[in-house]
Every structure is written in C-alpha cells, then in structure tokens.
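Trainee: Given next are the chains, with one letter for each unit.
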Amino acid sequence: MAVEYVITAFAAMLIMMIVGLPIAVAMAAVGIIGGVAVYGAPFMNSISPVIWGVQNNSLLTSIPLFVLLGELLLRAGIADGMYKSLSVWLGRLPGGLLHSNIGTCALFAATSGSSVATAATVGTVALPSLNERNYKMSKSLGSLAAGGALGILIPPSVNLIIYGSLTNTSIGQLFVGGVVPGILLTLLFMAFIAASSIFDKTDVKHETKASWAERWKSSVDLIPPLVIFLIVMGSIYSGLATATESAALGVVAALFFTALKKRCTWSILQACFIQTARVSGMILLIITAAFILNLTISLTGVAEAMSAWVTSLGLSTVGFLLALVVFYLILGMFMDVLSMQVATIPITYPMSQALGIDPVWFGIFVVMMCELGLITPPVGMNLFVVQGIRPDNGSISDVMKGAVPFVALMLVFTLALIAIPQIVTWLPNLMKPA
Amino acid sequence: MQNRIETLLATTFGVMFLGLSLFITVEVLLRKLFGISLDGSYELGGYALAIGSTLSFTLALFGRSHIRIDIIHERLPAIAKAVLNTLSAILLASFAALMGYLAWSVIADTLDYHAVSQTPWATPLIYPQSLWYAGQAIFMIAAIYLALKACWLLLKGRTSELNEMYQPKSIKQELEEELDSLKVRTATPNTTPQEHN
Amino acid sequence: DNMQWKALGQPLATGPILQNQEKPFFENFAQRTGLPIDVDFKPVDTTGIKDTEQLRMLKAGLFDVVSLRVSPNSRDEPALLGLDLVGLNPDYATARKVADAYVPVLDKQLQKRFNTKLLTVWPFGPQILFCNAPIKSFSDIKGLKVRVYDQSLAKFVESMGATPVPISFPDVHQSLSMGVIDCAITGPASANSAGWPEVATHQLPLGMGIALNGYAVSLKAWNSLSEAQQAKMQAAFDKLSTDIWAYSESLYDDAISCNSGGECSTGNKFNLVNVEPTASDFELVNDALVNISLPGWAAICDASSDDCSANWKASVGPIIGLE
Ligand code: NA
Ligand code: NA
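Residue numbers (our numbering), protein chains in the order written: chain A, 1 to 434; chain B, 435 to 631; chain C, 632 to 954.
These are computed hints drawn from the structure, not numbers from a lab. Hints are not guaranteed to be accurate.
What the hints assert, rightly or not - Label-pair restraints from in silico Cβ distances:
1) 542/B <-> 731/C: 30 to 38 Å
2) 545/B <-> 647/C: 38 to 46 Å
3) 304/A <-> 900/C: 22 to 30 Å
The C-beta atom is built at its ideal place from N, Cα and C for all residues, glycine as well.
Same shape as in the complex, but just chain A (with noise of 0.2 Å):
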C-alpha cells in the first residue's frame, strides 16, 4: 500500500469532513470505498458482522451511561453548588476565583464525559460573579476553558473509552492511568493562576477569608462528586468492577443525589434521557464508522506501511513524539476532537506499537493532545463555549489571549509525560492484574 494513496485517502475524508458533511458518513465512505476498491464485493459482505461487532460490544456500553451519569449530575444543579463551595475553600489563594474555575472543572470534569458541559455550566455559575468583582476577562475566560479540558483527561472520560475500545487498551488501566496527570495538570493551572496573580498588579489578588463553619456548611455539594468519582475510580481500581459496571454503579450513585435534591422528576429524567441519547448517537455513529475504517486500514496494511515509513525516516521515540505534537496541534487547529481522534488513533496508534511505546501512555498522550484541540484557535470548542455564556459583549481574541498561558503549560506538560512516562504509568502497574 503506498503511501500516497493513503495519504489521498487522509485527505479526501478531511475535506469532507471540513466542508461539513457528516463526520460519520464521510469516515465511513472512505473506509468502504477503500475497502471495495481493493477487495470487491466480499469486503462489504464482512463489514456486517463488523457491525453487529461494534454496536453489541458491552465495553463501549460505558459510553451511555458516563454520559447519564454526567446528565444527571448536571440537572440535580451539583456543579452549580460545588462552585460556591470552593470559593470558600480557594478564594484565599492568591488568583482567588479563578482557582475555583479550576478546581470546579477538575472535580466535575471527573464525573461528567463532557467537557464542554462542564464549561458550560461552571462559567454559567462563576462568570457574573467574576465579572462583578473585577476579575480580568481574559483570565476568567482562559482558566474556564482550559479547565473544561481537563474533562477529557481526568476520568471517567469518553475520549479513554473510545481510545481503549479501538486499540484494545484496558479501559480500566487508561482511567487510572489518568488519574495522576490529571491532578498534576490541575496543579499546574493553579500554579500558574497564583504566579501570574502575584506578579501583575493589576489584577485581584484574593477573596476575603472564610470562617471554617463557613466552609464545612458549603461543602455539602463537594460531597456528590466526590463520592462518585471514589466509586467509580474505587471499583475499578480494587478490581471490584470493570469499567461498564463502575459506569452503572455511578450511575446509580447520580440518580440517588439526584433524589436526594429532589429533582429526580419525570421531567428532569426525560431531558436527560433525550440529551444523553443525542450525545451517545453522536458518538456511536462516529465510532460505528471508525471500526469500518479500521477494518480497511487493517486489511490493506495501511498501518504497517505508515509505520515502515516513520521507521524509514529513522525518527527516535522522542523525536517520533515531537512530530505527533505538532501534527496533533495542527489537526486539533481546525478538526473536532472526537473525529481526530478516532480518525488518527488507527494510523498512529500501531505507529507507536512498533516504537515499543506503552499502550496506556500512549491514550493519555493522544488524550492531551485533544485537549489541546478544545482550547487553540480557529476552531477550539471550549473557547466558543466560554465566548457564548460571558456577561459582558468582549470580543472573542480575549478567550484566545486567556487560553494561550494554558496551551503553552499543557505543552510543558505534554513534554514532561514524554520525559517522565511514569507519571502515567505508575499508578496502573500498581493496579491487580486482571
């Protein structure tokens, strides 16, 4: 297979993709036409058991329920109270708000699948008040983006699961193996909000203190996410479930709080039934089309031929990594993050193989990378969704101004992950095996 057809292929399913067709049709006639033109009729014949494969395949059935169980979470109104209470507890801190943004988005970011709902509903709650006590916009706006990114990175995370799912990595050890780069990276958000506020001047320093009955009576909605997440990461991590049934055991957990706050109203129910339906086909479509993409690229050696390539340009591990950055960093310019990553992971996943990288790593780095994606402009979702829920009519270069700081730390950090594998992969080889 030479690598110009391919790199053909690459690029007629981009365009398509760009111009706007369907993300899912256009990987999907790629993946058939391809298969046809070079096996016939039989290669159609074979895609329905293909199919039947992916739909009925119970791994990917964590997909719906993460994102119920985010749904839920979200319409009991817990993330709206989780911001308050970490106001009180972070407000002293040198950048004082904006280390509740942060913190807000980590927690929720670990029990929600989505990051541009965690965006959506932390700024919907954070940005008035931010507003109204002087705080910069472009900050405000910078931390809240890059804080819903950290939703792809810390589990559960939908981006894991369909990573495990195409490459046949453990979707358990992946959730676990981005337990700690999460923390780290979250760190290094609030590092860099408390530097950046001590040096300019100009900005807010910190909120007033907090008395301690302030701060427990606030955190009765710290208590939700919280327990959640210890029950999902708990469960997988004693081995207790795997990743499909911590999914249902958190979902369970979500409806009961969601009861606890009485909102567990028909109604309630129906919206979030129909959202997580909407968002679930969204994926399943795309990832229907994956498999049959992948079947193709399998089949005809696209992979291999990928792989002889890289290795015929002598690139080193490091140097094999740099190149995927800027290629990430590019794509993720202008691609949505779900379709990069489902229509790259197939090529560069067994690329990294070949290079002897570990598998788990290697999730958590593409993961990044589609961080990456949801805060660099022209197209960076998060960077739209902040813009659409700010008080004040700004213009949108402020959101990109305030999420530049963040795109240069997850750089570092990205540069760190290949410096020091460990901080994946030690939390996951200390995990039972299974």
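Following the hints, complete the assembly by docking chains B and C with the ligands onto the known chain A.
Mentor: Leaving out everything else, chains B and C with the ligands in the frame of chain A:
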C-alpha cells in the same frame, strides 16, 4: 409527530439504561457480598448497547447532533449551504440504509444458523438482534424521510427554510439549549410558594 | 507472482502458541507449504473483528484462512462444541482421538453451511482442578465450592455433588485465600502466572476440557488450488497441527511440573501436591459426560441441524464407549 416519536424513543432509551445500571449494581453487590454471580451484565450490556445505539442514532438525527464541522459552511452563500445540507442529508440516509441492509444480512444469518449466545443464558440471538434491527430500520426510515424532504425543499427553491431546518447545529445553538436547560434546573424544584421560613 | 491470501489469526495476547507456532507458519507460508502463496496474517483483535464472527467472515469471503476459535464460534455452529464437551477430553491422548474422529464430520458441516473447509484442530491445553483442600481423587470435590467459568461446567460440577460458584478470573486468587471457594478450574500455566498456587494446596491434572481451536480455509480459496496443491496444503497444516499438539503438551507438562515443585523452565516454581487422577476418576468424568454434558449439548445442536448429535455419536461415541 416527530416530538412524540422522540419522547417515546428517548424514554425507551433512558429507562433501558437506568434499568441496566440497577441490574449491574445488584449483580456487583451480590458478587462482592455473597459471592453469587448472576453472570449476565456483560451480555445484557451488549444487547442494551446494540438496541440503544440504534435508538440514539435516530434521536441524534432529529436533534441534528451528528457532528458536522461548520467552519467553512457558515461562510458560504445560502444556495451553497442548501446544497451541502441536502447532500449531507442524502449521505446520512445512504449510510443509514446501508446499515439497515447489512443488519438484515446479520439477521438472515442468525436465523439460518439458529445462533445462540455462548453464555450461561444461551440467548437465541434472534431476540436481541430483531430489536436491534427494528431500531436500525427506524433510523433508516427517519433518515430517508429527512433526505427526501430536503431534496423537495431544494427543488422548490425554499432554501432558507431548508437551511433553517438542516444546517449543522452551531455551538451558539447548542449553548442556548444548554443554558435553557440550566435555567430550568436552577429554578426551585418546588414551585409552590414557600409558606415556612 | 505468488497468490496473495489473507489470514485471521488468534488474538495477540494468546501467548506462546501464537508467537512460536502460528505466526511463523503464516509468515513463511510459501516456504512451509511449498505453494506459491503469500499470506497476509492479522491477529483477529487487530482488525476490530470479534472472534465470535469468524465463521461469518469466512463465509463473506474476505479471508482465505482463519485460526478458528471453537468456543466463541459455536454460537453460529453448535456442532463445533462437540469437539470439546466438558469431560470429553481428560487428557491429550483422548483429545487427539476425538479430534481425528470428529474433524471429518465438522468439515462436512462447515463446507455445507459456511463455505469453509476445516483442515485440522489443535488444543491450548487441559483445564484442570486446583484446590485449597486436601483431595485424593476427583470425587473428593463433593461438598466443596468450585469456581466455574461457564454453564456447562457448572452443571457438570454440580452433578459431582459440588457447589459451582461463578467468579471472574481475577477474583479467584482472593476467593481461594479467603475460603469463598475451595477449588477452581483453569489451565496450569494460567494458574501459575496468576499465582493460584500461593493460595492452593493441590492440583489434579484431569482435563475438564482442552480448549480446542482449528484452521479453516474458505472453499473459494481451497477450490482455486489444484488437487496436488490441495494435498500439499493439507500436509503442511497437518504438520503444523502435529507440532502444536506436541508443543502444547510440553508447555502443559512444564506448567504442571512448575506448580508441583519439579523442573521448571517457563513459570514460577511452587509446591502443590500433584494428585494423579485414578481410573475411577476417569470413569466418573465419563459418566458425567454421558449423562450431563452430552444431553445438554445435543438438544441445542439438534435444534440447529437434525443429525448433529447422531453424527457425533457415530464418530466420537465409540471412543467413550457409547454404542
Ligand atoms: Na471526565
Ligand atoms: Na482547536
């Protein structure tokens, strides 16, 4: 009509996954506390996904949630938008029709082989697969209907109506929906005036 | 120019049989068979195809050769399971006899239904009993709690007077040490690498099953060969199969020896008591086969094709003393 279908499909979808979650929770607890295994969540989860995913395809179709990138699209003149929107609807319908056809061949084989799952339950595969096929067929019919409607609107020259109905949902729209639902959820759950303090 | 064939292999994580036998065979196919054929070999999991779908893929005609996994594919062809009913293959020698007798029957069935020719079958190895209780023979499991991995094994164990407990593989270690279960069944190498001997005291090398797999070729590909070429190909696969049978047995013997403190080249050394199965153990298992496993399977298989169990009895029956 479309609303009622949406409500029906979404309720089926949601109740199915809530039910699955409860079943799995019971199974995990029984396994951990008493060492008893119902040994069915793996299998049941797979069937729930198969049926649920086809329902969700249709709901995403009605909600215009199947992703399309609108970076170029939103800068095009109305007629070009209309053509692209129609083309997208046709392609989506073709993919749905292809999946419907392929799903049929899966069913045909299953019937032919009397396929039975290799699990403790030994489920005749035709039960979950016929529901899966039904979901696939609904998606196919809905997608073809929407594609035909788009073609008709295009031929009649009703481009603005067409674009209104078919253009990819912009982030703005998605956000508005999200914020609307936020308003609903931040309102007090109990709407009766509070009598006590 | 050589013909280009496509082969679907065992999953990547299968272990030494894939790495040392199957993969080298397909990667040097022209040389091993003496036929002008190059094979593009893909482990099944790298294609995103599930192993339950192998027969359908063969029928679809995209793949020419498949390393067929018996248990998952018995979903579509229950007759396959007749190769490895619980209790049918207590050791390698019996399994070999069963395979020789039953492969022609299966071949005919697969040709008819799936446009596929079954060339040969081979075993991963016996699934044996490990206990954290002093047992002297198989009948001693009576009254004990035994971990099982599927329903037919559960029924089988129950008929021995034991309590079947379905527990997932990763939980077995802890369950054995805490006394939730007394015994568990798996292959000796898997038990060794999962550390079961740390929490067990006895092993009884009597196979509940032997985990068979086969090589199958699509009739489209097979019929494109001349008769002489077909003979060559059959011979090459027979040779591969013979090699795997021997290799599998040597891996098995080594694992048994590792677990019981003997010589050990591939695993960790442990000190289990090795309980040699007695003649009455074999009889007991054979009875349970005839009275429990066989009727259960025959009902499912005959529902799929009328003469299924009759064909089985005619070919395999004499080996287990059925008339
Ligand atoms: Na998350
Ligand atoms: Na971007």
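Trainee: For each hint, tell me whether it holds in the structure or not.
Mentor: Results of checking the hints against the structure:
1. For the hinted restraint 30 to 38 Å between residue 542/B and residue 731/C, the CB-CB distance of approximately 35 Å keeps it satisfied.
2. For the pair residue 545/B and residue 647/C, the supplied restraint of 38 to 46 Å holds, since their beta-carbon distance comes to about 40 Å.
3. Checked against the hint of 22 to 30 Å, the C-beta distance between residue 304/A and residue 900/C comes to roughly 40 Å, which is inconsistent with it.
Against the hints set out earlier in the document, a violation occurs for number 3 only.
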